[in-house]
Each structure stands twice: as structure tokens, then as C-alpha cells.
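**Q** Given chain V, work out where chain W should sit, using these hints.
There are 2 protein chains.
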Amino acid sequence: MKLYSYFRSSAAYRVRIALNLKKLPYDYLPVHLLRNGGEQLAAAYRELNHDAVVPTLIDDGHVLQQSLAIIEYLDETHPQPSLLPGSPSDRAYIRGIALQLACEIHPLNNLRVLKYLKHTVGANDDVKNAWYQHWIRSGFNALEEHLVASRRSGAFCFGDTPTVADACLIPQVFNANRFNVDMSGYPTIRGIYDEAQKLSAFADAAPDAQPDAE
Amino acid sequence: MKLYSYFRSSAAYRVRIALNLKKLPYDYLPVHLLRNGGEQLAAAYRELNHDAVVPTLIDDGHVLQQSLAIIEYLDETHPQPSLLPGSPSDRAYIRGIALQLACEIHPLNNLRVLKYLKHTVGANDDVKNAWYQHWIRSGFNALEEHLVASRRSGAFCFGDTPTVADACLIPQVFNANRFNVDMSGYPTIRGIYDEAQKLSAFADAAPDAQPDAE
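Protein chains in written order, with this note's numbering: chain V, 2 to 215; chain W, 2 to 215.
Everything hinted at is true.
If chains are identical, the list can't say which one is meant, so a pair holds when it fits in one copy or spans any two.
Listed below are the simulated BS3-like cross-link pairs for lysine-lysine, each with C-alpha atoms no more than 25 Å apart in a straight line:
id : residue 1 : residue 2
1  : Lys23     : Lys3
2  : Lys199    : Lys24
3  : Lys129    : Lys116
4  : Lys129    : Lys119
Note that these hints are calculated values from the structure, not bench results.
Only chain V is shown next, with the shape it has when bound in the complex:
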């Protein structure tokens, strides 16, 4: 498999975690999101990914886009260990957390959104940083409550083994730490993050561990 990735991309980070949890080797193809005006915008890359985002996974001639679609594909083609275990309602709980992170927090803080906010809306750095922190905080407030109320979380979002929910959560906590979000109100989320750091699948997927890290 080949993974087009950028070390700091949360979406690529999710897929790296999933590939590592399943012990699937892959070639790392860096796409620098800032250099040369953004290498993801180059025509050759856009033929693989019309939306000009990372990651893209190539497997057996199939060109796959969108991190959660890629992880579902990996789970269908390499079922063990399952990243979506349990009953249909357990799986809906797990997917619900993954999607809350992927739909309610991450899209607002994407590089292209922050660029538009700055250059087109005219937001200054303070407004941009407040925006960034706001969406993480509002999302984490909801998620912390949800994890506690669900009574399904353990060392990870669902019990004691990692799922696709954790593959989405850990990159988002990494971003929160990077942008100095106060994490003191999120003991459950912090506990899961700390637990994940103990596993090489997560540690090896971290931005600083990538070949294109700066």
C-alpha cells in the first residue's frame, strides 16, 4: 500500500494509526501542504484526489479517499484486530464519536478554512486562534460528557482496546495541545490520550515520527 500523507494532517494521522494497529506495512509518500503553494494542489495529485486533500491510500490499484472511508475499507479487507467491534449499536456509538470529531471539530480547523478565514474574511491572528480553540472546546465539552454518560469507555473510547474512535480522537488531542487548549476539563479524553501513547501503533503514527516531520 501507498499512503499520501503530511506529517501534521489529522486525517492522515488517523489512517496511519489504523494501518499500524492492523500491522499493515505501507510506503509513505509525503505531500507538503504548504510548500510550493501546496503540493496537494498539483495536477498529478489532484488526479488521485479531486478534493486536493490528504490522505489518499493506494491499495492493489484502488485509489481511496477520505480517512474514515479508508479505515472502513481496511477494516473490511483486514478484519483483525477489529477497529469497529461489537453489536450494531456499539458500532454506531464508535462511529458516532469518530464522526463527531471528523465532522464537528476537524473541518472547521482545516488549513484551507483557516486560510480563507484570514485572507478572505480578514480575521486577524487573535480571531483565528479563538476560532480554532472554540471548535475544539465545544466539541470536547460534548465528547467528554458523552464518554462519561455512555458508560462504554474504558482505557479507550469503547472498552479497553482501540477503535476508529480513538484513531480520530488522538490526532485531535494532538492539535489541541499544539494550540494550547486548556485540557484540564477533559479527564476522560486525557486519560485515553495518555493510554494511547503507550502503544507503538499510536506513537509511530505521531507527526514527529514521520519521515517528513520538520
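**A** Chain W in isolation, oriented as in the chain V frame:
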């Protein structure tokens, strides 16, 4: 089943389409996103949905959040007709489109994001409308190319029967029409939209057909 919904919510609209395609009856419980400062913020609703968004589906005591997690659940518990047909790579293609719409377009144009843009960032109506149209256009530009290049689309995004990709696409086209986005550059998307209108599953799920329509 019980569906907490708002007639204009794109995410609820997706689930209504899926329920109708599978011919599953449900009780419609309206949550008015504007009245009383937003009924989704009421404590009783937030116990069901900590993120304070619609939809929420209640099935057999299970409380399910996030439209795509709900649709996956419906597809697992009521497999026919399948909304995720085909091989793992076909399913990744279908999920990829659904997620592109759900992650790259819709979150930017959510009510709470538009509110924050207006009240906190201080964007005027022109800036807000340009923002709204920008994310639809950039998403549809990519999707139109992708649908053509994939050679997998027919009357719908994947062949000639509706999938979860169409359940996401049709509500987004509804929004584009409502906000006067020029659709002339998207013949494939428009063709799929027109085809969907011929099916009662889509027509009956439309905002204007809901009990809380205004």
C-alpha cells in the same frame, strides 16, 4: 423508531432518505433549531445528544447520534435494500463521497458556524453568503470531477440505485439551490438530483414535506 429532526437540517434529511429507502416507519419528533434560542440546547435533548445537534435516532432503546453512523446502523440492522453495495473498494468510493459532503462542505455551513461567523468574527451578510457559497462550490467542483472520472456513477453516484452517497448529496444540492449557487457547472450532480426527485423516498424526505415545515 423515533427520529429527532428539523425540517431544514441536512443531516436529518440524510437519515430521512435512508429510512424511506428502507421503508422503515418512524415517529417524527421536531427539534426547532431557532425557536427559544434553539430547542437542541434544552437539557432534556442534550441528554440524548451531548453535541446538541440533530438528528438523534431512538431504536429499541438505543440512542444513536451522527447521521452517517445512524445510516450505517440502519444498513447493518436492515440490510435490504443496501445503501452500501459492492466490493470493499466500491464501498470506499461510496463512503468517500458521503464523507466528502459530510466533512468538507456541510460542517462549514452549519447554523452554529454561521452564527459564530456573524456574531463573534463579525462577518456581515455579504461575507457570510460568500463563505456559504464558497464551500459548496469548492466541494461540488471536486465532486463533479470525481463522479465523471470514477466511471462508476449512473443515474446515482454509484450505478443506478441510490446509496448513502446520494442520501448525502441530495440535501447538499437542496441547500445550494436555496442559497442560489449557480449549478450550471455541475451537470452530473444535477442529473443525480433530478433522478432522485422521481423517487418517493427522496421526495417524502424533503424539508417541505416534513410536519414541522414552515
